[in-house]
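Which chain is which? The protein sequence lines are Z and U, in order.
Residue 609 in the working numbering is what sits at position 107 of the first sequence, and the numbering runs on without skipping anything.
Residue 117 in the working numbering is what sits at position 54 of the second sequence, and the numbering runs on without skipping anything.
It should be emphasised that the hints constitute simulated quantities derived from the structure, not laboratory data.
Hints should not be assumed to be uniformly reliable.
[To be verified] Straight-line C-alpha distance at most 27 Å; calculated BS3-like pairs for lysine-lysine:
#, chain 1, residue 1, chain 2, residue 2
1, U, Lys-275, U, Lys-285
2, U, Lys-285, U, Lys-150
3, Z, Lys-655, Z, Lys-737
4, Z, Lys-737, U, Lys-251
5, U, Lys-256, Z, Lys-703
6, U, Lys-256, Z, Lys-737
7, U, Lys-104, U, Lys-275
8, U, Lys-256, Z, Lys-665
9, U, Lys-104, U, Lys-150
10, U, Lys-201, U, Lys-74
11, U, Lys-265, U, Lys-201
12, U, Lys-104, U, Lys-78
[What the hints assert, rightly or not] Chain Z is faced by these chain U residues, among others (derived, beta-carbon under 8 Å):
#, residue
13, Trp-172
14, Asp-174
15, Arg-220
[To be verified] Okay, the calculated bits of chain Z under chain U, using three or more residues with CB under 8 Å as the criterion:
#, segment
16, 535-549
17, 668-677
18, 807-821
Where a beta carbon is used, it is the ideal one built from N, C-alpha and C, also for glycine.
Read off the chains here:
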Amino acid sequence: MPLINMPEFSGTLLDEFAARGTARIDTPVIQPAAPFLDMAGEDLRRRIFLTESETGESLCLRPEFTIPVCLRHIENATGTPRRYGYLGEVFRQRREGDNEFYQAGIEDLGETAVATADARAVNDAAQILANLIPGRKLDVTLGDQAVFEAVVKALGLPGGWQKRLIQSFGNNAHLRQLLMTLASPQAPSGLSPELSALLAKDDAALIAHIDQTMQDTGYSTNASRSPREIAARLKEKQSLTQTRLDGSALALLTEFLSLEMPLSQAPVALAGFADAAGLALGSAIVTFEARASAMEELGMDLDKVTYRAAFGRPLDYYTGLVFEVSRDNAVLAGGGRFDRLMTLLGANEDIPAVGFSLWLDRIEQARAR
Amino acid sequence: MSIITIALPSKGRMKEDASAIFERAGLPIVAVGNERSYRGKVEGHDDIEIAFLSASEIAREIGAGTVDFGVTGEDLIREGLIDADAKMEIAARLGFGHADVVVAVPEIWLDVDTMADLGDVAADFRARHGRRLQIATKYWRLTQQHFSSQHGIQLYRIVESLGATEGAPAAGQADIIVDITSTGSTLKANHLKILSDGVILKSEACLVRARKSEHETDARVKKIVEAVRSAL
Chain Z
503 MPLINMPEFS GTLLDEFAAR GTARIDTPVI QPAAPFLDMA GEDLRRRIFL TESETGESLC
563 LRPEFTIPVC LRHIENATGT PRRYGYLGEV FRQRREGDNE FYQAGIEDLG ETAVATADAR
623 AVNDAAQILA NLIPGRKLDV TLGDQAVFEA VVKALGLPGG WQKRLIQSFG NNAHLRQLLM
683 TLASPQAPSG LSPELSALLA KDDAALIAHI DQTMQDTGYS TNASRSPREI AARLKEKQSL
743 TQTRLDGSAL ALLTEFLSLE MPLSQAPVAL AGFADAAGLA LGSAIVTFEA RASAMEELGM
803 DLDKVTYRAA FGRPLDYYTG LVFEVSRDNA VLAGGGRFDR LMTLLGANED IPAVGFSLWL
863 DRIEQARAR
Chain U
64 MSIITIALPS KGRMKEDASA IFERAGLPIV AVGNERSYRG KVEGHDDIEI AFLSASEIAR
124 EIGAGTVDFG VTGEDLIREG LIDADAKMEI AARLGFGHAD VVVAVPEIWL DVDTMADLGD
184 VAADFRARHG RRLQIATKYW RLTQQHFSSQ HGIQLYRIVE SLGATEGAPA AGQADIIVDI
244 TSTGSTLKAN HLKILSDGVI LKSEACLVRA RKSEHETDAR VKKIVEAVRS AL
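The shape of chain Z in the complex, shown without the other chains (with noise of 0.2 Å):
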């Protein structure tokens, strides 16, 4: 990698790393393109660069580093707590700005003190960008998967209708979408007579049933979904059809939503909020404040910090705090909380991980101005 391209900062911000503490990590360049296709989706397919080995494996240019510093970590099983500082180039197909360029950022694993580890995150992430544009105005935005997942299980709805609601947080275009299916009643869902009977039955029938119809059409019954499954998401979908969401629920669900203002009030207005709606919102709300106090105690301005309830990433390895750092609308600084990423990505045990990624390209853009 010819050291004159990176940017002419990136000693700085090594240095930044190792003052916090974190150690430095490298990752291959190609790497196997499967745990990026799994964890993001196809829809990553198309934007980054793919290619592939003479054994038919499907490797790719690196398109970031969370994934391959989470699954180095797991090979190389060091243990856990453990914070790693990468800087590096990553390759991906973008309509504007170049193809490949730099990213550096932390990431913190096995951290068990949520709070903490998450304040010390964005604060990592605002000093940096401080540091490195100095005296401009940065715009931190937050917002929490897990409060959002305590209001949807709160107000009661079914199981099925929770998981469609969570799943979508952060595609607001696809929650409002959801929304007014949930206000409006329900087409009958057309089950063929004989199904109904089935369904009127218990459940052992319509599983054998299943069962049978597997055997008779060739459809074997371990590979993919299993008449067990089916079955059970057949009576969860009957009470998904049934469902109405109240209006109140709905202007609840609403209200929540449409929460924005400075970090500093978000506490104190989430509790009324759950207050007012008779919500019992249990420890997404004591983690939330936790994390508050804490960026506070680190020295963070929490009215020069926004918080949105609407805030997420549509990815299903976000379990909490998400956040991004900007400047006149260009995202410099985007991290989160992963709890779920590390044992996707195969390893034995829980590890809470969370971590931020600085768009280097960006940042040079902001310093220029």
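Assemble the complex: chain Z is given as a structure, and chain U must be docked to it using the hints.
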């Protein structure tokens, strides 16, 4: 005067049906040299050249602008070209080669009738089976557009399938398919059903024009389009 190139399917029903329409349009096509030649011309029009190509190559050549017109399925155009509408114009729908690109799941998935149902199943799949929901298809682009952009479904993997796609779910190579169907009989024979909102594209053979600036001042281009339209 420059030569106008029209790419036509090189074999099968598509070739015959396309030739018949051009014949009715007063543009009878004859092969250059012997019957099996891949080059042809239009009788009485020395300035029109016919290139016989495979249907998917026609989509590619239209995208690259190396031919002026092509006859091919809309599915292949939309699958083969990024920003298809910026690169080509559908000048006429020809009324043959009807086929729908559809999302089909095993009939026995009694709980799955819509894309929303499929989204639920996909969201849970990894937790239940240790892998993502797998879709067998040769339509990567159309599948991604339909699943991601239209229905917000991200969590699936595409398994490339270049033939006999309908057999993939029963064979255990994939869970569901995105494929082309004209009568639905092959799907039925393989115990698959189309989702109620699972029709991605209603495709048929089209006369497609590559968007080229020189066409704007070329009266022959307009004439060819009008002749073909009048033959429908």
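Results of checking the hints against the structure:
1. Distance hint between U/Lys-275 and U/Lys-285 is fulfilled; the C-alpha atoms sit about 13 Å from each other, no more than 27 Å.
2. For a cut-off of 27 Å, the pair hint linking U/Lys-285 to U/Lys-150 stands: about 18 Å separates their Cα positions.
3. Between Z/Lys-655 and Z/Lys-737 the alpha-carbon distance is near 20 Å, which keeps this suggested pair within the 27 Å criterion.
4. As the CA atoms of Z/Lys-737 and U/Lys-251 are separated by approximately 25 Å, the hinted pair is consistent with the 27 Å bound.
5. With a CA separation close to 25 Å, the supplied pair U/Lys-256 and Z/Lys-703 stays within the 27 Å bound.
6. Restraint check for U/Lys-256 and Z/Lys-737: the C-alpha separation of about 20 Å stays at or below 27 Å, so the hint holds.
7. Taken as a hint, the U/Lys-104 and U/Lys-275 pair is honoured in the structure, with Cα atoms around 22 Å apart against an allowance of 27 Å.
8. Our distance criterion of 27 Å between C-alpha atoms is met by U/Lys-256 and Z/Lys-665, whose separation comes to about 25 Å.
9. Distance check on the hinted pair: U/Lys-104 and U/Lys-150 sit about 25 Å apart at the alpha-carbon level, within 27 Å; holds.
10. Only pairs whose Cα atoms come within 27 Å are accepted, and U/Lys-201 paired with U/Lys-74 is accepted, the gap being roughly 21 Å.
11. Among the hinted pairs, U/Lys-265 with U/Lys-201 is consistent with the structure: their alpha-carbon atoms are about 16 Å apart, no more than 27 Å.
12. Pair hint U/Lys-104 plus U/Lys-78 holds up; C-alpha atoms about 14 Å apart against a cutoff of 27 Å.
13. With its C-beta approaching chain Z no nearer than about 6 Å, U/Trp-172 sits inside the 8 Å limit, and its interface hint holds.
14. Hint status for U/Asp-174 relative to chain Z: holds, with the closest Cβ pair at about 4 Å, below 8 Å.
15. At its closest, the beta carbon of U/Arg-220 sits 6 Å from a beta carbon of chain Z; the interface hint therefore holds under the 8 Å criterion.
16. For the segment 535-549 of chain Z, the assignment as covered by chain U holds, since 8 residues bring a beta-carbon within under 8 Å of that chain's beta-carbons and 3 suffice.
17. With a cut-off of 8 Å between beta carbons, the segment 668-677 of chain Z has 5 residues touching chain U; three or more are needed, and the interface restraint holds.
18. Only residues whose C-beta sits within less than 8 Å of a C-beta in chain U count toward coverage, and the segment 807-821 of chain Z has 3 of them, enough to reach three; the restraint holds.
In terms of the numbered hints stated before, the structure departs from none.
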